[in-house]
Amino acid sequence: MSAAPLLAVENLTVDFLSGDGSFRATDGVSFHVEEGETLVILGESGSGKSVSASAIMGLIDTPPGEIVSGRIRYRGEDIMDMPAERRRDLNGRRIAIIFQDPLSHLNPVYTVGWQLAEVFSAHGIASGEEARRRSVDILQRVGIPDPEARMDWYPHQFSGGQRQRIMIGMAIALGPEILIADEPTTALDVSVQAQILELLKKLQKEEGLAIIMITHDLEVAANMADRIVVMNGGKIVEEGAAREVFTAPKHAYTQKLMSALPDHAEASARQENHDGAPLLEVRNLTKIYQLSSGLFGKKRSLQALDDVSFVLRRGETLGIVGESGSGKSTVARLLLRLAEATSGTALYRGRNIFEMDRRELLAFRRRVQMVFQDPYSSMNPRMDIFSIISESWCIHGDILEKPRWKERVAELLELVGLRPEHAQRFPHQFSGGQRQRIAIARALACDPEVVVCDEAVSALDVSIQMQIISLLADLRDRLGLAYIFITHDLPIVRNFADRILVMKAGRVVEENTTEKLFRNPREDYTRMLIQAAPKPKWDEAGVMVV
Amino acid sequence: MTTLSLHTSEVEKPTGYRLRRIFRLLVRDPLATLAFAFLVLVILCAIAGPFFIGDLIEKPNFRARNMAPFSLEQGFAYILGADTLGRSLLARVVVGARNTLGIAAAAVLCSLVVGGGLGLIAGYSRGTLGNLIMRATDIVMSFPSLLLALVVLFSLGPSVPNLILVLAITRIPIYLRTTRAEVLEVRERMFVNAAMALGASHARLIFRHIAPMVIPTLLTIGAIDFATVVLAESSLSFLGLGIQSPQFTWGSMVATGRGYLANAWWVSFWPGLMILLTTLSLNILSNWWRIYSDPHQRWRLELARRSRK
Amino acid sequence: MFAYVFKRSVQSLVAVAGLLVLVFFLSRLTGDPAYLYLPLDSTEAQRQAFNELHGFDDPLYIQFGRYLMDLLHFDFGTALSRNRPAMEVALEAFPETLKLAAIAMTLSLSLAIVVGSLAATRPGGIFDRLATTVSLAGASAPDFWVAIVAILFFSVSLGLLPTSGTGTPLHWIMPIGVLMLRPFGLLTQVVRGSMMGVLTSPYIKTAQAKGVRHSKIVFVHGLRNALLPVITVAGDLAASLVNGAVVVETIFGWPGIGKLMIDAIVRRDFALVQATVLITAIAIFVLNIVIDLVYAVLDPRIRHQTA
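Protein chains in written order, with this note's numbering: chain S, 1 to 546; chain X, 1 to 309; chain F, 1 to 307.
If you're looking for bench data, these hints aren't it; they were derived computationally from the structure. Quick caveat: nothing in here was measured; it's all calculated off a predicted structure. Honestly, I wouldn't trust all of these hints.
[Unchecked claim] Partner residues aside, some chain X positions facing chain F, computed with beta carbon under 10 Å:
#	residue
1	D138
2	S145
3	V151
4	L153
5	F154
6	A227
7	L239
8	G240
9	W250
10	G251
11	W265
12	I275
13	T279
14	L282
15	N283
16	I284
Ideal Cβ placement from N, Cα and C applies to all residues, glycine included.
Just need the whole structure built from these sequences, with the hints factored in.
As structure tokens, then:
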């Protein structure tokens, strides 16, 4: 029997106090990690994975949290029983952690250099000039350009990816043995995500780090893990070597998770020809946001869209794909005329949206509807489901007479996979996926021709995303809807969209039918988007699975 | 058609349950309970007091002139002592409650409605109207309220309506700014955008979607502000520019007693103490309410009586 | 950063200007300015003569022009109750109030920061409950009543402190004590609330994860961030200190600008009222600029607008 594992969590049970009593965040959770290996804790939101990690670092506030039972052993020694000074010494020196959102995890009023140097001085390793020198080295190692000057910058002056690099630097500065990474790339663009994961792997090799990575992203997990632990509802449901868990999951929940992986195999033939007059014609659409008037400083403006043009035909599904800042959401806002265009036209059945008067606009709004990104905030929390769905009938008096509303709401709810009695309930009583279904029902209430889905599935858990997309596909077949599906995640629209528009920095980079785009991307950027999805670790041969 | 777990989270709890929960958490905190009880008492005095004990405020009783408190010689009504004319202080304090609270309530109501309304407009409109309202607010806010009140009362003459007007004007900026900030935040929320996408008119957006989100904050501020207005009115009346005799509030009672400090300190003491206890109770309760209404903080109230580890 | 401070100063300036215009029109509101300047029992003829003498029967715009010119020369006319130029009288009284207010504010702020921070490190604990009750009581207390009770207790009963006037250091104790009550109470609450919010922030978790000592986390990482909203509130409070000064100076006979204003109002000396109002407005205007500068220094996000 080999030596004790580097870190072992045994039977950890943590409760949290809330306004309605207490709930159990983790229930008898046990896992361990060996030297130099990468353990991934996989689970959806609310599964208790972050709580387990926080417990290792002693970061759980008690109250409202309470560690009911369990042990955490580092090299065989129980760290929960350690005297406070020794425990504090472990943090940063032997075990370190990086978090999901680097901006809020860096102190906004101190320079990055100061915060880095603090790691050294807090453990008495170095201070003053020496600490500063070593901090510059760290910045260099994690790939921050011009580190000497940037030491004196503040966190808000860096980009998201750079901030995460800085956090990684702070974590490995003292050469710890274990690095805990709590959803480190969730808030980052796909291209930046790939870079961060590469950095982590490089540092792991250089330092002999053991990594405990927490994520809900299946592809990231497959890319990083040696072993995987799957969590659900505070309990561990499955564990094992990464490849096995992925290719042959044993537990029902794990199987459900794995089925949500987008199919990299041949796309199903959606050979529908969409000819005929276009429903929507966008020509040279441009939008510039004025940030400050320039009266007391430099005039600042932001070009969100630059000369964008495309066409949407009846019954067609157009995917618009881009990373943050690409302008894709601005397109949605302009199409619904929630903002005015700086120049360019958007013709709906030949009439320019931006020139419509109030009456025409009202009629237009019946025909083109939107499903928003965040199911939690896109519905008024004080309105019940019935009022939410029937709101458009209140506004457009002529769609449906009042006595028939109840019946129609019930029909719509069933159409999206819910039940009629849900109409009396309120948004907070539903899960994210269910709320998005309600949002779809709301959009369908006035019989639109076009539905714009602005990152409609991005805020949902992986297993739910595919369900919603298949619901949308089903509705399309039944009702003949046209979609504009906006997303940052290219692979998920492979089986859904007819054509795809790739956007970057406000411009259209490439446009093509789906299969042609995936097989023969013309632009490097498109290629990068297709390949940036992390590949499983066991396919190390580097074969591109396209 | 994919099937999906249709299990929803907790059923919507009925209002009765929520009220019981508020009460349950309230009594766990002895200070908040005391404050609540005291306020109920004061409000009862304000509403019903004058019916029971009102005639005693004018009836002079020369045998009780400048009588010291805590003796029951002249009867229970004189337990707090009497003033130079022999009038029962207890009675005067109870009746004073009505004027003090009444003026404060009127002023708070005015500033809530006007400030809230203007704040809605300022927050919702994207043009010059909003800016104009904010500049005017800045002018009123940047000046000490007491000074403003003094100057205005000086020019217009002290009277109860003027007093209420002045008190309301000095508090309007608070409601206005808060409402505007909230409206600005709510306006950008997705459900407002969603309603716009459905074709909702401005009126519908404001009254159906935005206002209901803003009103609870307004009410909370109103409760906190009430205490401040009571203090402001007391100061003004104490300085002689507030309510004029023969009417009186607690503040003016303190002023009347100031001349007799050396030999009849109780004439000033009791009304001032009432002001302190009333505003303190209001502040304690609004502090409690702030913790309760924040779901992330509510657990602290559960802890209130648990033993510390 | 300077653009920020400049913009805020212009806003303050507009506010002051607005106030001055307001004062002008208030005085003309009753139609008969002599009514405000002269004693209540003056005759019609006297008022008529007064108005003619001071040009109050000229068209409004001419009066306004004259008013502005006088303002620029800091000339408010004679304080009738003192027979001296109003501005002179006001400028004499102002430093007295300034001394009182500055000491009271400094003490309140320092005490509040210490008490509030300590209370926030162990919320719900004994110190916290005590501190909360005391600070709420301070914020709720009617200052005029506390002053009276203090005089009763310390001067009349115990004979320890003088009842009024200036002179010895003993004279300062009660006025400053009473003036401090409300700012201390409010600021402690704000510091505590702000600190509690800051201590649950994500970057505090990072500091803990780095292994930083607890005291350093609270007083270096936390305090600097917690102070930002406190500075704003302190700025608002400083203006309301003038409110407190009026009451305190009246009761303790302190020869400051608050007492001067009340005297002027009671004696219907409108020139003096105008002078005191202007001085106070300018002081607050300067204070606002200082507060904005302090805020900009403390918060780098304002100093370095996002790159």
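Tested hints:
1. A least Cβ separation of about 5 Å between X:D138 and chain F falls short of the 10 Å threshold, and the interface hint therefore holds.
2. For X:S145, the suggested interface contact is upheld, since its CB lies about 6 Å from the closest CB of chain F, less than 10 Å.
3. For X:V151, the suggested interface contact is upheld, since its CB lies about 6 Å from the closest CB of chain F, less than 10 Å.
4. About 9 Å separates the beta-carbon of X:L153 from the nearest beta-carbon of chain F, less than 10 Å, and the hint is met.
5. Taking 10 Å as the C-beta contact cut-off toward chain F, the hint placing X:F154 at the interface holds, the least distance being around 5 Å.
6. Among the interface hints, the one on X:A227 holds; its C-beta lies about 6 Å from the nearest C-beta in chain F, closer than the 10 Å criterion.
7. Interface hint status for X:L239: upheld, as the beta-carbon distance to the closest one in chain F is roughly 6 Å, under 10 Å.
8. Given hint, X:G240 at the interface with chain F, holds; its Cβ is 7 Å from that chain's nearest Cβ, closer than 10 Å.
9. At its closest, the beta carbon of X:W250 sits 8 Å from a beta carbon of chain F; the interface hint therefore holds under the 10 Å criterion.
10. The beta carbon of X:G251 comes within 7 Å of a beta carbon in chain F, closer than 10 Å, and the hint placing it at the interface holds.
11. Taking 10 Å as the C-beta contact cut-off toward chain F, the hint placing X:W265 at the interface holds, the least distance being around 5 Å.
12. Proximity of X:I275 to chain F holds as hinted, the smallest CB-CB distance being about 5 Å (cut-off 10 Å).
13. For X:T279, the suggested interface contact is upheld, since its CB lies about 4 Å from the closest CB of chain F, less than 10 Å.
14. Interface restraint check: X:L282 against chain F, minimum CB-CB distance 8 Å, threshold 10 Å, status holds.
15. Contact between X:N283 and chain F, as hinted, is supported at the beta carbon level, the nearest pair being about 5 Å apart and thus within 10 Å.
16. A least Cβ separation of about 6 Å between X:I284 and chain F falls short of the 10 Å threshold, and the interface hint therefore holds.
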